[in-house]
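First residue of the sequence shown? That's 0 in numbering that gives the first Met the number 0, and the numbers climb one at a time after it.
No wet-lab data here; the hints were simulated from the structure.
One or more hints might be untrue.
PhoX-like, lysine-lysine: derived pairs with alpha carbons at most 20 Å apart [stated by the list, open to error]:
{"no.": "1", "residue 1": "Lys11", "residue 2": "Lys41"}
{"no.": "2", "residue 1": "Lys11", "residue 2": "Lys25"}
{"no.": "3", "residue 1": "Lys141", "residue 2": "Lys11"}
Pairwise CB distance ranges, derived in the manner of DEER restraints [unchecked claim]:
{"no.": "4", "residue 1": "Arg137", "residue 2": "Lys41", "range": "10 to 20 Å"}
{"no.": "5", "residue 1": "Asp96", "residue 2": "Asn56", "range": "17 to 27 Å"}
{"no.": "6", "residue 1": "Thr8", "residue 2": "Arg66", "range": "39 to 49 Å"}
{"no.": "7", "residue 1": "Arg26", "residue 2": "Gly89", "range": "16 to 26 Å"}
Keep in mind the model is a prediction, meaning the values are calculated, not measured.
Ideal Cβ placement from N, Cα and C applies to all residues, glycine included.
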Amino acid sequence: MKRKRIKKTMMKVLLDVNILLDAFLKRPLYFAEALAILQAHKGRRFAGYVAASTLPNIAYLGQSLRRQAGQNPKQAVQDAIADVRFCVAGLHVVWLDEQVMQTALAQPGDDLEDNLQIAAVMVGGLDAIVTRDKDFRRASIKMLTPAQLLRQI
């Protein structure tokens with residue numbers, strides 16, 4: 000899939016794993032907002048990004064949570080891989096390179112996974128992260144809830 004160019008004025012936002020899983024797993028409390036976010040990205044109201052480090056988490060958590068919900072294990076794996084394919088084809092990926100890793104390691108706190116997300120925003124020159132994870136409120140980057148993003152775009 001050929002990516003369209005991003006307008007200079009378009010907001011560039013990293014989508015945290017919880018937002019993507021809300022959409023992929025159709026989590027009742029959060030699905031509507033997560034779906035609206037993905038539709039807004041598709042409609043070019045903002046540029047959606049995902050950190051490369053999030054992709055294996057989507058695969059692992061997606062198949063694990065589907066299996067816990069009673070889905071056939073083979074189908075759960077296939078659906079989780081389809082979710083990763085969607086991210087790679089439909090979102091912009093901030094790849095995990097040495098600069099992202101060094102930036103993550105320089106962040107305060109001991110949650111490397113969160114620090115990789117913070118570093119992806121910083122190194123990728125993104126405007127914010129969209130997440131329901133309140134731990135990002137203490138981060139040195141802008142954090143938006145799904146509702147805040149939807150109001151801003």
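Hints that the structure is at odds with (numbers, increasing): Per hint list: 2 and 4 violated.
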